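2 protein chains.
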Amino acid sequence: MSQSTENWAERVCLGDVRAIARAITAIENHEAAAEELLRRLFPRTGKAYLTGVTGAPGTGKSTLVDRLAAHYRAKQEQVGVIAVDPTSPYSGGAILGDRIRMQGHASDSGMFIRSMATRGFLGGLARATAEVSLLLDAAGKQQVLIETVGVGQDEIDIVRLADCVVVMLVPGMGDDIQNMKAGLMEIGDIFVLNKADREGADRLEQQLNAMLSLVMPRDGWHPPVVRTVASENKGIDALAETIGRFGKHFESSGERKRKHVEHWKERLIELLESRLLQRALGGAGGEGRLAELAEEVAERKKDPFSAVNEILKSSGLNGMT
Amino acid sequence: MSQSTENWAERVCLGDVRAIARAITAIENHEAAAEELLRRLFPRTGKAYLTGVTGAPGTGKSTLVDRLAAHYRAKQEQVGVIAVDPTSPYSGGAILGDRIRMQGHASDSGMFIRSMATRGFLGGLARATAEVSLLLDAAGKQQVLIETVGVGQDEIDIVRLADCVVVMLVPGMGDDIQNMKAGLMEIGDIFVLNKADREGADRLEQQLNAMLSLVMPRDGWHPPVVRTVASENKGIDALAETIGRFGKHFESSGERKRKHVEHWKERLIELLESRLLQRALGGAGGEGRLAELAEEVAERKKDPFSAVNEILKSSGLNGMT
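Protein sequences, first through last, are from chains A and B.
Last residue of the first sequence: 1378 (the numbering used here), numbering continuous.
Last residue of the second sequence: 1378 (the numbering used here), numbering continuous.
Calculated from the structure, these hints are not laboratory results.
Incorrect hints may have been included.
Because identical chains share one entry, a pair is satisfied inside a single copy or across any pair of copies.
As the list claims (entries may be wrong) - Only pairs whose alpha carbons sit at most 25 Å apart, straight line, appear in this in silico DMTMM-like list of lysine to aspartate or glutamate:
no.: 1; residue 1: K1322; residue 2: E1093
no.: 2; residue 1: K1305; residue 2: E1256
no.: 3; residue 1: K1370; residue 2: E1327
no.: 4; residue 1: K1316; residue 2: E1356
no.: 5; residue 1: K1314; residue 2: E1327
no.: 6; residue 1: K1104; residue 2: E1093
no.: 7; residue 1: K1322; residue 2: E1085
All of these numbers come straight from a predicted model, not from anything done at the bench.
Just chain A, with the same shape it has in the complex (with noise of 0.2 Å):
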């Protein structure tokens, strides 16, 4: 088993496509192998440079990726995608559609690329976009870049896992940009005005930069707006030009460092959650037992407090308090 993980791990960092894609399937289904083949990886990982792209739908954001994947391919950088899509159990149909937009690189071995929805996941869909990063940039993945489907708030969850956040926008939405998601003027590094062609590029351009005028720059960055016609390829090379600055003055200004603290500090909370969760409902009967205290407080035969101190006490987790 070990001997076989280890294998498996030597070829992702060869960036065998299949054995990273049936590390994917691991992460995703939560197998007990996928964390050994993590721990076994993390060593090799910390060199890829994670870009995240949000914005509301029907900004681009598939094309876009698509052409800054195909911009750093041409400069033979290693490229994984992630799309993701946390809206519904449900859906799938942008997935589909970005799958089907994705296959003209299908015979890139530089390029990998995974669409991932929220399937069973329960939340837990920014920490298996994290996992899969890892597992990108132990394979070798210089750029990573994670794409959501819309601006939520599971989506800005996802894209803050990110180096570099590029936020889009694009002309004539028909809402004003008073009405950006709030949030998202808080996490862009960079703007990008797409579709630049069209009529209420230049209004938008303005507005923005009155509202980002605003904003404190952080560590001395001043998110600066790009505008592309990502259909029609312009403005890409300046966008990449764009997070690779942004790249370089996170590094040397500390706050890469920082930020990665803060990433682990709650990525250690949530894997001990999990791990106690796991000891205080996984022995025998764990999972009826709370279906009968369930039952019981909602029938108010019992209150909440009681009923959790229960369970903490018959899985010998109440020593102390």
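Given chain A's structure and the hints, the job is docking chain B onto it.
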């Protein structure tokens, strides 16, 4: 302390506005007293009917909730309104707007209105909303209306707390129903077509009904479409009637019980997690040790799984595995 909590609980049950407001603040601030209070109040809960109202910004949620509240008040029912904004820790504009809007009810003791934002909750907003719902339930509010600002995953998690979920749409939002946030279709028990006097209302209703006809009825309930012009108080009676009808169906089909047990299962797990985390990290130096370990992991001196095992060991929670 316990004596004064008993007093406090009694005043909440009598509907004392200041006692309720103080309890909400205690919940928001994770005060230990909040738990003692909720434990005491718990047997008095389970009577309120919770209606969640969600929909894109601009669909008129606030106005509709306002009118619905007035409708229930006219029928001598006690009403609680919770307006939730999970979009940003920084926001507050919409919330402030709600407060101003609701001032008309300020002198009505049968109506309690509270806004809640993400500030300091870090994902705990659904939990806090659930606890405030319990509180208003204990305070004798027969109708509790939970209104969200947007339609992100967090909002969906929040309205899922409710017994009845109302999803709002308006004609001519620029976005076709095809672009409707995935996940909304699945959670709606009732769809409200607001601003139904606008152009495009008939077409939207047709589209909506066509889509709903594809959705499997849940326990024999086909989500109906109710047309309203909330700003002119049109359709509110019909909506209230439909909400009431759903409630009866929900009760008699056994779905209410099933949903409540499911809800309590999730809540017990959350409570369990926070208890265990408190135990693992709450000791002297726990937070500091976590920060140190996160730094070692960020520098790849240690893998995250080993780091978590260290925390478990040092907190004495590593007993069994």
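Under a CA distance limit of 25 Å, which applies to K1305 and E1256: within one copy, between copies, both, or neither?
neither (34 Å within a copy, 52 Å between copies)
Intra/inter-copy verdict for K1370 and E1327 if alpha-carbon distance must be at most 25 Å:
both (23 Å within a copy, 17 Å between copies)
Using 25 Å as the alpha-carbon threshold, which applies to K1316 and E1356: within, between, both, or neither?
For K1316 and E1356, only the inter-copy Cα distance (12 Å) is at most 25 Å; the intra-copy one is 45 Å.
Check K1104 against E1093 for me: Cα-Cα at most 25 Å, and say if that holds within a copy, between copies, both or neither.
So K1104 and E1093 pass the 25 Å test inside one copy only (20 Å; across, 49 Å).
At 25 Å max between alpha carbons, let me know whether K1322 reaches E1085 within a copy, between copies, both or neither.
both (22 Å within a copy, 23 Å between copies)
Alpha-carbon proximity context of K1314 and E1327, limit 25 Å
Close inside one copy (20 Å), not across copies (31 Å); limit 25 Å.
Homo-oligomer pair classification [E1093, K1322; C-alpha up to 25 Å]
The answer is within: 20 Å in one copy meets 25 Å, while 30 Å across copies does not.
Hint compliance for this structure: hint 2 alone is broken.
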